[in-house]
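Q: Sequence:
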Amino acid sequence: MFDPSRGKCPQKVEAVVDIDITARLNLAFEMWERAHGRPLADDTVEMWVTAAGYDLEPGYLASVRRGQLTTLPEQARAGLAHVFGLDPNYFVFDPGPDRDDDAEVIAHLDNSALRRLGQAVNGVSLRTLLYLESVAEVLREADGLPPCEQTAQL
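For the record, in the sequence shown the residue sitting at position 147 is 150 according to the numbering used here, with numbers rising by one throughout.
A few of these clues could be false.
Now the in silico label distances, taken between C-beta atoms and shown as ranges [as the list claims (entries may be wrong)]:
1) N114 with P150: 17 to 25 Å
2) P149 with V127: 19 to 27 Å
3) D58 with L132: 23 to 31 Å
4) M50 with H111: 43 to 51 Å
5) E60 with N125: 35 to 43 Å
6) L112 with G56: 20 to 28 Å
7) L148 with P61: 19 to 27 Å
8) L112 with N92: 21 to 29 Å
9) L120 with F96: 38 to 46 Å
10) Q71 with L148: 40 to 48 Å
11) L132 with S66: 23 to 31 Å
12) A116 with G56: 25 to 33 Å
13) N114 with P76: 38 to 46 Å
14) E33 with P150: 20 to 28 Å
Calculated from the structure, these hints are not laboratory results. Cβ coordinates follow ideal geometry from the N, Cα and C atoms, glycine included.
Using the sequences provided together with the hints, build the complete structure.
A: Written out as structure tokens, the structure reads:
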């Protein structure tokens, strides 16, 4: 759950690529609700975002989630990524188009188990990638490993 005392995320979010921001935002809500076992209200998220020091107008999220608005200002994207615990590029980057580049990187992995895992997930939807990431976090915890945020990043 979001803790306003953590402060805001210092990472800068890149320019928006052509993505379906409504679907992306609704997926973030869906993932949070699945992880926490209860519904999440738009105004609650707006409160978390503003408590973390980001600008977000009241009612803006509801309009985006219904598809009435199709953009999120940079402050809103950064704040939402922060409170949902997502990568800052979640609301701007579409991981799908560069599958050939990803396949080349995967092919160069020395660890055969990691290489097979990379090949298995290459090209799956963002929704599937996020579910797999949450499963991996549970498995890390079961193995007594620290959360991914506390490990080296590629």
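Q: Take the hints in turn and mark each one as holding or not.
A: Going down the list of hints, with the structure as the test:
1. N114 with P150: 17 to 25 Å: Holds, since N114 and P150 (Cβ atoms, about 21 Å apart) stay within the stated range.
2. P149 with V127: 19 to 27 Å: Check passed, 26 Å falls within 19 to 27 Å.
3. D58 with L132: 23 to 31 Å: holds (29 Å)
4. M50 with H111: 43 to 51 Å: Check passed, 45 Å falls within 43 to 51 Å.
5. E60 with N125: 35 to 43 Å: holds (39 Å)
6. L112 with G56: 20 to 28 Å: violated (39 Å)
7. L148 with P61: 19 to 27 Å: The hinted range 19 to 27 Å is violated for L148 and P61, with Cβ atoms some 40 Å apart.
8. L112 with N92: 21 to 29 Å: holds (22 Å)
9. L120 with F96: 38 to 46 Å: With Cβ atoms ~21 Å apart, the hint is violated.
10. Q71 with L148: 40 to 48 Å: The hint (40 to 48 Å, Cβ to Cβ) holds, given that Q71 and L148 are roughly 43 Å apart.
11. L132 with S66: 23 to 31 Å: holds (27 Å)
12. A116 with G56: 25 to 33 Å: Once the Cβ atoms are compared, 41 Å apart, the range 25 to 33 Å for G56 and A116 is violated.
13. N114 with P76: 38 to 46 Å: holds (41 Å)
14. E33 with P150: 20 to 28 Å: holds (21 Å)
The structure does not agree with the numbered hints 6, 7, 9, 12 stated previously, though it agrees with the rest.
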